[in-house]
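2 protein chains.
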Amino acid sequence: MQIEKEILALNAYDPQASKPGNERTHHAVERRLTAFGRGAVLFYREPIEAVSAEGVWIQGADGRRYLDVYNNVPSVGHCHPRVVEAIRQQVGTLNIHTRYLNAVVDSYAERLLSTLPAAIANVVLTCTGSEANDLALRVAQAATGGTGFIVSEMAYHGNTAAVTEVSPSSRPGRPLAAHVRTVPAPDSYRKPDEYPGQAMAAAVTAAIADMTRKGIRFAGMIADTIFSSDGVHADPPGLLAPVIAAVHAHGGLFIADEVQPGFGRTGDALWGFERHGIVPDIVTMGKPMGNGFPMGGMALGPDLLAAFNARDKYFNTFGGNPVAAAAGLAVLDVIREEGLIENARDVGRYLQDGLREIANRHLAIGEIRGAGLFIGLEFVTDRESKIPAPETASALINGLRERGILIGAAGAYGNTLKIRPPLCFGKEHADVFIEQCDAVLARISQ
Amino acid sequence: MQIEKEILALNAYDPQASKPGNERTHHAVERRLTAFGRGAVLFYREPIEAVSAEGVWIQGADGRRYLDVYNNVPSVGHCHPRVVEAIRQQVGTLNIHTRYLNAVVDSYAERLLSTLPAAIANVVLTCTGSEANDLALRVAQAATGGTGFIVSEMAYHGNTAAVTEVSPSSRPGRPLAAHVRTVPAPDSYRKPDEYPGQAMAAAVTAAIADMTRKGIRFAGMIADTIFSSDGVHADPPGLLAPVIAAVHAHGGLFIADEVQPGFGRTGDALWGFERHGIVPDIVTMGKPMGNGFPMGGMALGPDLLAAFNARDKYFNTFGGNPVAAAAGLAVLDVIREEGLIENARDVGRYLQDGLREIANRHLAIGEIRGAGLFIGLEFVTDRESKIPAPETASALINGLRERGILIGAAGAYGNTLKIRPPLCFGKEHADVFIEQCDAVLARISQ
Numbered sequence: 444m445q446i447e448k449e450i451l452a453l454n455a456y457d458p459q460a461s462k463p464g465n466e467r468t469h470h471a472v473e474r475r476l477t478a479f480g481r482g483a484v485l486f487y488r489e490p491i492e493a494v495s496a497e498g499v500w501i502q503g504a505d506g507r508r509y510l511d512v513y514n515n516v517p518s519v520g521h522c523h524p525r526v527v528e529a530i531r532q533q534v535g536t537l538n539i540h541t542r543y544l545n546a547v548v549d550s551y552a553e554r555l556l557s558t559l560p561a562a563i564a565n566v567v568l569t570c571t572g573s574e575a576n577d578l579a580l581r582v583a584q585a586a587t588g589g590t591g592f593i594v595s596e597m598a599y600h601g602n603t604a605a606v607t608e609v610s611p612s613s614r615p616g617r618p619l620a621a622h623v624r625t626v627p628a629p630d631s632y633r634k635p636d637e638y639p640g641q642a643m644a645a646a647v648t649a650a651i652a653d654m655t656r657k658g659i660r661f662a663g664m665i666a667d668t669i670f671s672s673d674g675v676h677a678d679p680p681g682l683l684a685p686v687i688a689a690v691h692a693h694g695g696l697f698i699a700d701e702v703q704p705g706f707g708r709t710g711d712a713l714w715g716f717e718r719h720g721i722v723p724d725i726v727t728m729g730k731p732m733g734n735g736f737p738m739g740g741m742a743l744g745p746d747l748l749a750a751f752n753a754r755d756k757y758f759n760t761f762g763g764n765p766v767a768a769a770a771g772l773a774v775l776d777v778i779r780e781e782g783l784i785e786n787a788r789d790v791g792r793y794l795q796d797g798l799r800e801i802a803n804r805h806l807a808i809g810e811i812r813g814a815g816l817f818i819g820l821e822f823v824t825d826r827e828s829k830i831p832a833p834e835t836a837s838a839l840i841n842g843l844r845e846r847g848i849l850i851g852a853a854g855a856y857g858n859t860l861k862i863r864p865p866l867c868f869g870k871e872h873a874d875v876f877i878e879q880c881d882a883v884l885a886r887i888s889q
Numbered sequence: 444m445q446i447e448k449e450i451l452a453l454n455a456y457d458p459q460a461s462k463p464g465n466e467r468t469h470h471a472v473e474r475r476l477t478a479f480g481r482g483a484v485l486f487y488r489e490p491i492e493a494v495s496a497e498g499v500w501i502q503g504a505d506g507r508r509y510l511d512v513y514n515n516v517p518s519v520g521h522c523h524p525r526v527v528e529a530i531r532q533q534v535g536t537l538n539i540h541t542r543y544l545n546a547v548v549d550s551y552a553e554r555l556l557s558t559l560p561a562a563i564a565n566v567v568l569t570c571t572g573s574e575a576n577d578l579a580l581r582v583a584q585a586a587t588g589g590t591g592f593i594v595s596e597m598a599y600h601g602n603t604a605a606v607t608e609v610s611p612s613s614r615p616g617r618p619l620a621a622h623v624r625t626v627p628a629p630d631s632y633r634k635p636d637e638y639p640g641q642a643m644a645a646a647v648t649a650a651i652a653d654m655t656r657k658g659i660r661f662a663g664m665i666a667d668t669i670f671s672s673d674g675v676h677a678d679p680p681g682l683l684a685p686v687i688a689a690v691h692a693h694g695g696l697f698i699a700d701e702v703q704p705g706f707g708r709t710g711d712a713l714w715g716f717e718r719h720g721i722v723p724d725i726v727t728m729g730k731p732m733g734n735g736f737p738m739g740g741m742a743l744g745p746d747l748l749a750a751f752n753a754r755d756k757y758f759n760t761f762g763g764n765p766v767a768a769a770a771g772l773a774v775l776d777v778i779r780e781e782g783l784i785e786n787a788r789d790v791g792r793y794l795q796d797g798l799r800e801i802a803n804r805h806l807a808i809g810e811i812r813g814a815g816l817f818i819g820l821e822f823v824t825d826r827e828s829k830i831p832a833p834e835t836a837s838a839l840i841n842g843l844r845e846r847g848i849l850i851g852a853a854g855a856y857g858n859t860l861k862i863r864p865p866l867c868f869g870k871e872h873a874d875v876f877i878e879q880c881d882a883v884l885a886r887i888s889q
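Protein chains in written order, with the numbering used here: chain D, 444 to 889; chain P, 444 to 889.
Treat the hints as calculated values from the structure; they're not laboratory data.
You can take every hint at face value.
Once the Cα atoms are required to be at most 35 Å apart in a straight line, the calculated DSBU-like pairs of lysine-lysine come out as:
| hint | chain 1 | residue 1 | chain 2 | residue 2 |
| --- | --- | --- | --- | --- |
| 1 | D | 829 | P | 756 |
| 2 | D | 756 | P | 634 |
| 3 | P | 657 | D | 657 |
| 4 | P | 462 | D | 756 |
| 5 | D | 634 | P | 756 |
| 6 | P | 657 | P | 634 |
| 7 | D | 462 | P | 756 |
| 8 | D | 657 | P | 756 |
| 9 | D | 756 | P | 829 |
| 10 | P | 829 | P | 870 |
| 11 | D | 756 | P | 657 |
| 12 | D | 870 | D | 634 |
| 13 | P | 756 | D | 756 |
Generate the whole structure from the sequences, applying the supplied hints.
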């Protein structure tokens, strides 16, 4: 429980603990908590009021601009002119549901499917990744006749009732639902294993055996292929191959939740699962899909969708509206034309190299890991004991905020910095980030 | 089962039954079913390809324009310039989640809450009505410690796994989940009752007693206050007063699902529940909230939200983003400044009067009912037997489509036309609609 409290307190505003120093901020916080409830979460001890944003920068009401190293929603850059223009054009032309035909919607669906393995030939469009995952669970249930799901120990897959049940990180300290089993995420730092894929496959097989013993039929496994909320675990490439084999051997489906790694973030390819050389049964997507326009989706094989539709219909009023489709097309265009996958790879590597360099003098850095522009920076009290140091992560997060850099944390101990900037993040931004990390860590260790 | 099939076939394209006559439409349908699956639902035997829309009109790729009497999402009118401009302005300025402060978001929350009873002082913003209802169910569970819900017999509350369980109309022919009970919607035509509110309250009390006997603790009732999918039942005003009293007497919460009646549609007030003089515990909203921009919300008393937050946190990445807030503010502005509630009342009354006039010569019209611009037009084989005539509703829907008017059906028998145009629908549009109904019904009865 202590650790959980620390994670929450890491970079959240706590109305009990402090009052914002700035009068305008104090007033804005009061408005927020009055309308949205005292439990509404704001980042930072001194919350930030944003007034505009562009590329990797957020402009604060305090007159400062902040480097966004945290926000994976405006994935091709805040207010990207191409996406903005696509939305502006379409929203004045037509915004309607999918029970009428519209060419923009079909063009988007075809374009999106063309980026996926050939077997994944159908798509259902939703408004959020949560809705996509909620639906994917039901498809897996319909296809297998099972109800049991396996997830990683700190998985987060969204916020609906059904999806919260397969999101242990949303239910700290509470028992899992009877139909859910967890397996440890791969962890190159704390659980180094010569064959982490085989270890995970064995854990999956054991979890299936356990649910079978309890009379629960296995439906599938849902995994974020970069294990973000477990602390960002991307390596080794290919580790999910034996895992999906184990899932299939027991008649289950593998759902790749691409809300976090998808749309080029890992620097390898458009989709995180490609890093592992697997073809999932269902692919779900969300956050970066429309660069902030609310949209999500579930892509899958036609047979699976037909099996679901044989019993259930699914209709999402706003899902797949032409404005979302136009935004989604623009995002795919920008990723390709601006070479953002390559940029994620190159700048990600540059960032990791730079962080390794400063790690030589900051012994609190336990490990630097990740893929592309999704990097985990884990802090420990010392490298020998590897005792998690969430207080160091917290001090760094708040120190960086003071220096105009926005970032958050992840992982079971809350001691891993989640480095996840918009994909247009350049080496010049990486330099600023590394330099400031260096400076704040030097101050902390004094 | 026969009736269910008829409902589905009423105005849905059936790939097995017919090929579109138009080559372009045929090609567009093929694209759609190839990408979205053969089970994707399109309206009409000859689906419509929309290219643009404005006010109450949808422009087809066939060069025709269609009067939209069906679509309650673009509630203040398709592509309303005020809403379009608000989105265009904000999407180029800032589009971010709610963990940073932003004045537009707080202004919207305050403005929305100012339209609700004083006790309903908190709001949580989501992306869809489904997400709002999914969350509302969880809030009711947390507040009461119960799991049992009561809904109307043909209720529809959304598409998540949890919400589908309380949406009997989405599960035709399948048994209800163990924690769900239904009560008949009020029905002035088929079940006239001097005291329909008391009758419903008695049914609610009996349902609670039944679930209690089975060891299920009552959590609450969720109801669309105009009972849209039950066939549009608005009268008598006040009927929900004894119902909510019964719910409260047994410790449950009353959730008013305003996705359909909300935002002025009933012509009485901004919210459907106001027609019944009640103060719900939770109000959920969706479709018309952003005139097509994906947004939803749940408003409730601070104590209820705090009770939920004591155990669970809820965060919705896209929910309450500044673009949604800007769209939502523009919608509230337009409703007020254009007098759309009054328009819904006046044009709705004019429409009902006009339909009553043609009902003198079309004996298939069994009843005309509703509130504001939400009107049900029920068809029967004859007025004596009141045998439902879904085939007449279907013929009318398809006949109107041929004449450039878009409309759908509702109710357990699929025999009730659901008249639900954008709220800027004028008397001139009502005249067109009535005249064409008259003409098609004359042709049908020949």
